[in-house]
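Between the sequences and the hints, there should be enough to build the whole structure, so can you do that?
Number of protein chains: 2
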Amino acid sequence: MKEKVSLAVINRLPRYYRYLGDLLDAGITKISSQELSEKMGTTASQVRQDLNCFGGFGQQGYGYNVELLYKEIASILGLDRKYTAILIGVGKLGNAILNRITFEKRGFKLIALFDNNPEIIGQEVRGLKVLDVNTIDDFCRIHKPDVAFLTLPREAVPGMAIRLEKLGIKGFWNFSSGYVKLENKEIPVENVHLGDSLMTLCYRVNELEKKLQNQNKI
Amino acid sequence: MKEKVSLAVINRLPRYYRYLGDLLDAGITKISSQELSEKMGTTASQVRQDLNCFGGFGQQGYGYNVELLYKEIASILGLDRKYTAILIGVGKLGNAILNRITFEKRGFKLIALFDNNPEIIGQEVRGLKVLDVNTIDDFCRIHKPDVAFLTLPREAVPGMAIRLEKLGIKGFWNFSSGYVKLENKEIPVENVHLGDSLMTLCYRVNELEKKLQNQNKI
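These protein sequence lines are chains A and B, in that order.
The first sequence maps to residues 1 to 218 in my numbering.
The second sequence maps to residues 1 to 218 in my numbering.
No wet-lab data here; the hints were simulated from the structure.
These numbers were taken from a predicted model, which means no experiment stands behind them.
Among the hints, a few may not be true.
[Stated by the list, open to error] With a straight-line cut-off of 30 angstroms between C-alpha atoms, the simulated DSSO-like cross-links for lysine-lysine are:
#, chain 1, residue 1, chain 2, residue 2
1, A, LYS144, B, LYS211
2, B, LYS210, A, LYS144
3, A, LYS166, B, LYS217
4, A, LYS92, B, LYS105
5, A, LYS92, B, LYS82
6, A, LYS181, B, LYS211
7, A, LYS92, B, LYS109
8, B, LYS105, B, LYS82
9, B, LYS166, A, LYS210
10, B, LYS217, A, LYS185
11, B, LYS181, A, LYS211
12, A, LYS144, A, LYS82
13, B, LYS105, A, LYS181
14, B, LYS82, A, LYS211
15, A, LYS109, B, LYS217
16, A, LYS185, B, LYS39
17, A, LYS71, B, LYS211
18, A, LYS217, B, LYS166
Below, the structure is given as structure tokens:
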């Protein structure tokens, strides 16, 4: 593997992984870079370039072995390491995330949930009892979770992030629209900006509208 | 504007837009492609190339006018058109989305909410009464909403998508992990794959871990 892989390539790997998983489910064992690129909305040369960053699994004129590539990407992404995670904020968003995501398949083992609402503390969600956020320092010192999922109100996020950084958290999944600022710039923060995909949708609807209007004129 | 702008560029525009909005809030009026690229995690030449697709707002040796660029991107994205939207599925995820997103700033006006749960129908959320999903056909024929936000259980998504396509919906924001298959392939479907960003986080935590282990060895 090359020393430095660009962030753009890394960001595409989950999509490759997800798509290869679909292929496996459909019983497809081989795929060309051309076919893969069509599904990914990119070019065949982009696909070859991306996968070459990690050592090139393809064989000229044969294509990619789907299962092998799937496993390799899982390994590159570190999905087999099972980092431990805590989630803070078991409100509407937290609950929605807990309901929807299979963390284990995405590289993480969820070990605790925290909230500050007395009505939520003590509830059981996904087999875990919601703990009082006031106990989070002790929890982290004892259990040393790797990452934190931040699904709390945006105004609470900056303070909580700093607190968790001091407690040794080494990765954040942030749903707040605010900016998570840490002392150590090397600690990864993945921000989920739902509004971005909404704006992309707006653009695409707008393009379709323009096209239809032009067709009507003719 | 060039005829065909690549999807990759389009996908970066919301990030430019969001970042330029932050700059405006901070009172910054000018930015170089170099500075912009650093914030975007890309290269200065990439930034220049991206923005050139739409006519090139920058001036050599001066940089970009933040406010002008911000407004232009809003216009390119169609955020000023205010397409009408309906949301189907006012469960945990639907509520979380309704709580978190300012649709108006992202190009959409939300005009109705639907659910099939008698306990949810009639509730008021964000100033809108939740309607019975059985009335959705009539609603669409009368009000002709432009797009639909699908926050219903994944198994309900394919059927609902087809139904809404027949009712004239011309864009989908889909939170289901399933695939939205429409008759008309031109209708845009924006899928939110939360698991993708979680896998990216996993990769980055893994990279940091490896780096720290190597440092400890020395």
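Evaluation of the provided hints:
1. The straight-line distance between the Cα atoms of LYS144/A and LYS211/B is roughly 19 angstroms, inside the 30 angstroms bound, and the hint therefore holds.
2. For a cut-off of 30 angstroms, the pair hint linking LYS210/B to LYS144/A stands: about 17 angstroms separates their Cα positions.
3. Between LYS166/A and LYS217/B the CA atoms are separated by roughly 23 angstroms; this keeps the pair inside 30 angstroms, and the hint holds.
4. With a C-alpha separation of about 22 angstroms, the suggested pair LYS92/A and LYS105/B falls inside the 30 angstroms cut-off, and the hint holds.
5. The hinted pair formed by LYS92/A and LYS82/B meets the criterion: a straight-line CA distance of about 27 angstroms does not exceed 30 angstroms.
6. The suggested pairing of LYS181/A with LYS211/B holds, with an alpha-carbon distance near 21 angstroms, which does not exceed 30 angstroms.
7. Of the pairs offered as hints, the one joining LYS92/A and LYS109/B holds, with about 22 angstroms between alpha carbons and a cut-off of 30 angstroms not exceeded.
8. Of the pairs offered as hints, the one joining LYS105/B and LYS82/B holds, with about 9 angstroms between alpha carbons and a cut-off of 30 angstroms not exceeded.
9. As the CA atoms of LYS166/B and LYS210/A are separated by approximately 20 angstroms, the hinted pair is consistent with the 30 angstroms bound.
10. Between the alpha carbons of LYS217/B and LYS185/A the distance comes to roughly 22 angstroms, so the proposed pair stays at or under 30 angstroms and holds.
11. Using a Cα cut-off of 30 angstroms, the hinted pair LYS181/B and LYS211/A holds, with the two alpha carbons roughly 21 angstroms apart.
12. Taken as a hint, the LYS144/A and LYS82/A pair is honoured in the structure, with Cα atoms around 14 angstroms apart against an allowance of 30 angstroms.
13. Only pairs whose Cα atoms come within 30 angstroms are accepted, and LYS105/B paired with LYS181/A is accepted, the gap being roughly 25 angstroms.
14. At roughly 18 angstroms between alpha-carbon atoms, LYS82/B and LYS211/A fall within 30 angstroms of each other, so this suggested pair holds.
15. A hinted pair counts as satisfied when its Cα atoms are at most 30 angstroms apart, and LYS109/A with LYS217/B qualifies at roughly 27 angstroms.
16. At most 30 angstroms may separate the alpha-carbon atoms for a hinted pair to count; LYS185/A and LYS39/B meet this at roughly 13 angstroms.
17. For the proposed pair LYS71/A and LYS211/B, the alpha carbon gap of about 23 angstroms is at most 30 angstroms, so the pair holds.
18. Distance hint between LYS217/A and LYS166/B is fulfilled; the C-alpha atoms sit about 23 angstroms from each other, no more than 30 angstroms.
In this structure, every one of the numbered hints holds.
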